[in-house]
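Protein chains in written order, with the numbering used here: chain A, 1 to 300; chain B, 301 to 600; chain C, 601 to 840; chain D, 841 to 1080.
Heads up, some of the hints might be wrong.
What the hints assert, rightly or not - Facing chain A, according to a computed beta carbon distance under 10 Å, are these residues of chain C, among others:
1) Gln661
2) Ala681
3) Arg698
4) Asp701
5) Arg780
Said to hold, decoys possible - Here are the simulated DSBU-like pairs of lysine-lysine, each with C-alpha atoms no more than 35 Å apart in a straight line:
6) C:Lys662 x B:Lys313
7) C:Lys794 x A:Lys13
8) C:Lys794 x C:Lys662
Calculated directly from the structure, the hints in this document are not laboratory data.
Because the structure is a prediction, the values reported are computed rather than measured.
We put the beta carbon where it would ideally sit given N, CA and C, even for glycine.
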Amino acid sequence: MILARQRDVPLDKDASARFLPWLIAFMVYLATLALAAAIAVSNVAQAWDSGLAGKLTVQVPPSPPPSAGDSGRGQTARVDAVLDALRETPGVRSAEQLSQQEMARLLEPWLGAAAGSADLPLPALIAVEVVPARAPELASLQRRLDRAAAGTRVDDHQRTLGRLLEVARTLQLLAVLVVALVGAAAVVTVVFVTRTGLSIHRNVIELLHLIGAQDAYVARQFQRHALRLGLTGGLIGLALGAATLWALARWVGQEAGAVVPELTLSQPQWLSLLAVPLAATLVAMLTARITVLRTLARLS
Amino acid sequence: MILARQRDVPLDKDASARFLPWLIAFMVYLATLALAAAIAVSNVAQAWDSGLAGKLTVQVPPSPPPSAGDSGRGQTARVDAVLDALRETPGVRSAEQLSQQEMARLLEPWLGAAAGSADLPLPALIAVEVVPARAPELASLQRRLDRAAAGTRVDDHQRTLGRLLEVARTLQLLAVLVVALVGAAAVVTVVFVTRTGLSIHRNVIELLHLIGAQDAYVARQFQRHALRLGLTGGLIGLALGAATLWALARWVGQEAGAVVPELTLSQPQWLSLLAVPLAATLVAMLTARITVLRTLARLS
Amino acid sequence: MRSRVEESGLVRFDQVSFNYGPNAPVLRDVTFHLPPGSFHFVLGASGAGKSSLLQLMYLWQKPTSGRISLFGRDVAQLTRADKALMRRRIGVVFQDFRLLDHLSARENVALPLRVAGRYTSGLDEHVRELLAWVGLGDYLDALPPTLSGGQQQRVAIARAVIARPSLLLADEPTGNVDDRIALRLLYLFEELNKMGTTVVIATHNENLIERLGHPTIRLTGGDSRHPAIAHPPVLPAADA
Amino acid sequence: MRSRVEESGLVRFDQVSFNYGPNAPVLRDVTFHLPPGSFHFVLGASGAGKSSLLQLMYLWQKPTSGRISLFGRDVAQLTRADKALMRRRIGVVFQDFRLLDHLSARENVALPLRVAGRYTSGLDEHVRELLAWVGLGDYLDALPPTLSGGQQQRVAIARAVIARPSLLLADEPTGNVDDRIALRLLYLFEELNKMGTTVVIATHNENLIERLGHPTIRLTGGDSRHPAIAHPPVLPAADA
Ligand SMILES: Nc1ncnc2c1ncn2[C@@H]1O[C@H](COP(=O)(O)OP(=O)(O)OP(=O)(O)O)[C@@H](O)[C@H]1O
Ligand SMILES: Nc1ncnc2c1ncn2[C@@H]1O[C@H](COP(=O)(O)OP(=O)(O)OP(=O)(O)O)[C@@H](O)[C@H]1O
Ligand SMILES: [Mg+2]
Ligand SMILES: [Mg+2]
Chain A
1 MILARQRDVP LDKDASARFL PWLIAFMVYL ATLALAAAIA VSNVAQAWDS GLAGKLTVQV
61 PPSPPPSAGD SGRGQTARVD AVLDALRETP GVRSAEQLSQ QEMARLLEPW LGAAAGSADL
121 PLPALIAVEV VPARAPELAS LQRRLDRAAA GTRVDDHQRT LGRLLEVART LQLLAVLVVA
181 LVGAAAVVTV VFVTRTGLSI HRNVIELLHL IGAQDAYVAR QFQRHALRLG LTGGLIGLAL
241 GAATLWALAR WVGQEAGAVV PELTLSQPQW LSLLAVPLAA TLVAMLTARI TVLRTLARLS
Chain B
301 MILARQRDVP LDKDASARFL PWLIAFMVYL ATLALAAAIA VSNVAQAWDS GLAGKLTVQV
361 PPSPPPSAGD SGRGQTARVD AVLDALRETP GVRSAEQLSQ QEMARLLEPW LGAAAGSADL
421 PLPALIAVEV VPARAPELAS LQRRLDRAAA GTRVDDHQRT LGRLLEVART LQLLAVLVVA
481 LVGAAAVVTV VFVTRTGLSI HRNVIELLHL IGAQDAYVAR QFQRHALRLG LTGGLIGLAL
541 GAATLWALAR WVGQEAGAVV PELTLSQPQW LSLLAVPLAA TLVAMLTARI TVLRTLARLS
Chain C
601 MRSRVEESGL VRFDQVSFNY GPNAPVLRDV TFHLPPGSFH FVLGASGAGK SSLLQLMYLW
661 QKPTSGRISL FGRDVAQLTR ADKALMRRRI GVVFQDFRLL DHLSARENVA LPLRVAGRYT
721 SGLDEHVREL LAWVGLGDYL DALPPTLSGG QQQRVAIARA VIARPSLLLA DEPTGNVDDR
781 IALRLLYLFE ELNKMGTTVV IATHNENLIE RLGHPTIRLT GGDSRHPAIA HPPVLPAADA
Chain D
841 MRSRVEESGL VRFDQVSFNY GPNAPVLRDV TFHLPPGSFH FVLGASGAGK SSLLQLMYLW
901 QKPTSGRISL FGRDVAQLTR ADKALMRRRI GVVFQDFRLL DHLSARENVA LPLRVAGRYT
961 SGLDEHVREL LAWVGLGDYL DALPPTLSGG QQQRVAIARA VIARPSLLLA DEPTGNVDDR
1021 IALRLLYLFE ELNKMGTTVV IATHNENLIE RLGHPTIRLT GGDSRHPAIA HPPVLPAADA
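Model the full structure from these sequences, guided by the hints.
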């Protein structure tokens, strides 16, 4: 009976039955990639953010500038003074001097093997963690530490981080823009296909109306058609998108790990990509329903 | 007369007349962005490549490793020995030691103000340019320079460059993939729209055929329709794409210059983006023509 | 309700005028009522408004002024859902048939039953008998585009009567068949009428009207007013 | 060439059989020839194959076997372009009119002239006269969907004759008009015929056939073979 009803409007013989799934697949594919990109970029930004938020780096120069008064003390004493000052500061959770090895690892790209030699008079670096809620005011901290050891500088990474986050946000914005555009294009396509279906089958619709079919009966046929095509297309698009992402993730893991930042998605994030074809299907179905009901309302 | 002829098939009242331009615009927009990305990435890769090709960096450590024999000489003498050795090497165009200021600029992000102090025993860096065609063999150069001053290291940046180029190539591949996909989607869309147009206007086409119209007469009507819609959509898409690119370029120039690499296009490259809507229009027109002629061939 | 219908007529037109958009009126001040179980012919020249009159009766058009009631109810008061239900009690043979090209003759005929939710496989036998009766026993599964003009018209007639409507409206139902088949089809209408269906038939076929002798509604107007031109205007020949 | 046409007939069927797909044959071994300037009626029950016969003549269908020649040329030998040119010499009134809904009556009538590249604004006057003659002088700019059934049929007739075809084929051209207009339309066909056009009309209207007394081609077969059933099968009523 249900099958029989569906045939009242012969939509499955229209060109739309063959083309719409591929158009939807194409759009879902693009939306999936764009959404994945947005999520990945957000992951990276979050990693940076939580990696750097609440962290300060304090540099104690190897020897005080000539103008300073405490030229007598060695670097160790100066570092200890700074560490003491830091630990007394409210809101500071911990302060640790970077070891020789850590310094060497940081500087290796710039200084080569020489970075490891103990006799290189590098500034001491102190990694400080603060309680984000009670972070000390930066300028006053700078002043206090400079008093503890002249020439000491505090860096809260905000400049670098700010720029990186701005790039990330822009990339995300672009991705969201693409998703929105694709969504709009999908709606336009479904409206178009439905309108076209209505005009191809106008005589059928009029006749059904004339022999006493309710509007919902007619709308249901278009709705089911759009649902089926949308779902097919959505799943094809998702499958292709997932395959592309998987290949990319593999490639990133193997080859480009050092250059490209962490671009992998967590499992819930992978699942959230499922929303794309489902949304496409829903959009297709509702668009078809609304378009048909509006057209029918114009029949007396 | 021409206007009158066009009206034989009332395509301009179809839903396609309103929707197709926007779908084409959407696709041209995506293709334009993807193509621009591909070009920009290729620009960056080329800049890196030509920036780094033919360039070597030689590091002379501040003091020789303890195992070496020439512990008596100062760094200046060691650097001069290396410079001499380099200048005698066939294929080396120039070799210049980086000045204190240049070193300080390089190291500032890592060492802070301390980088500028003369008493920091940094390795000397020598920028070497070689004639790409006659570039000296790396391993033997390394051996000769190590003999001139023990601990000297040669870096040809190939590892970093290789990786960057690989990333660039992948991004380009992705962009080209998107362009190809968009192109395929555009063809599918136009075929779909034309087929639909044919089935909406099947009675008109049959009648024209029955009263003696030649196939070309009928095809011309669909062709013109597709041409007009394709061109409209293509230009809208290009305009939106260009606006987006322009905004991006401005943003990159102002805000993100330090982080995002050079992403601007040259004028001929901007012009080459024009090819996208033109290709879309041509594809639309030819697709429509071929689809119509095929359908007509089936009428007796 | 039955009594209201009895006294006011199954179909009642009160001062009904009708025109398409801003055009000259097609119908002007039409007043009549058709008692339940009556059988009327609608006559009039081509363009006189016969089809328009029927369209008002099957709720496809709304009167420009005046009042129409069907089954005792003012049609202007009906909701969309009411109208759908009322249409299920009206069988219509459209002048241009309006068959669904993708459904077989049998499915086309069964459609009103299905839309009304009244279709059961038991009725399939009835559909077949009816199609056999109009001479299409061999065309049960033929699609309308593969039927001749007269065959299509007979499918349309079968579809209009299958659900035993209370009101049957037929617009030129015999224009594509010869007089022998036309008489047979009218016999079907008369049979239905005897069982209580109110029948209204618009036709040009004066032969049939005379033979059956039912009351007529005659529409004047239309475009019979154009003067004749003595000789048909004929172009010089294209070939020679 | 003219002489070849004279001797073999403007339309010549030799042992022509025709069936749709794998179905029972619609036409079997049909042989006749129509001399130039002749006027024939095609008769036959509904479904006998009248429309199919005309479709073979206007090159819409191909015979299953046998040979058809038109204007002295074997139609099986014609290229697509040849056929298009030949169709311009054939005027057809289709049983279902086939008007273009988006063109006015005037534009519909002028269409064959335009497609043939013969349209000049001088001919506009002629189009108008012709439409006035068929009684549509007030409907020059009306679109077909706003015309009554009979009005549409008359536009279709005007379109078929406007280019003064050498061969005029009309399929049930008077099914939607009354006998008065029908006679007027046939007068138009006779006038054309007197000027040299070969005319073939398929019709059920035996009234007209008798009055005009032209030779007939009679098709037997079709679906008149189904036995009558004594009482029309009628369902119990839905309401009540
Ligand atoms: N949709 C429409 N819009 C505008 N005018 C219309 C429309 N339908 C019909 N008309 C006009 O209304 C008048 C009456 O048309 P109608 O179809 O009711 O005539 P009819 O009596 O059925 O004629 P016929 O016997 O030729 O079928 C005609 O002049 C026609 O041109
Ligand atoms: N396209 C088609 N495919 C298959 N069968 C067809 C097709 N068109 C017509 N027929 C069948 O061929 C036979 C002859 O049809 P045709 O239309 O020629 O009859 P006709 O003499 O014109 O009848 P009418 O007077 O009812 O118009 C009919 O039985 C019909 O069912
Ligand atoms: Mg009518
Ligand atoms: Mg016929």
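Which of the stated hints cannot be reconciled with the structure, identified by number in ascending sequence?
Numbers 5 and 7 - these are the hints that the structure violates, sorted from lowest upward.
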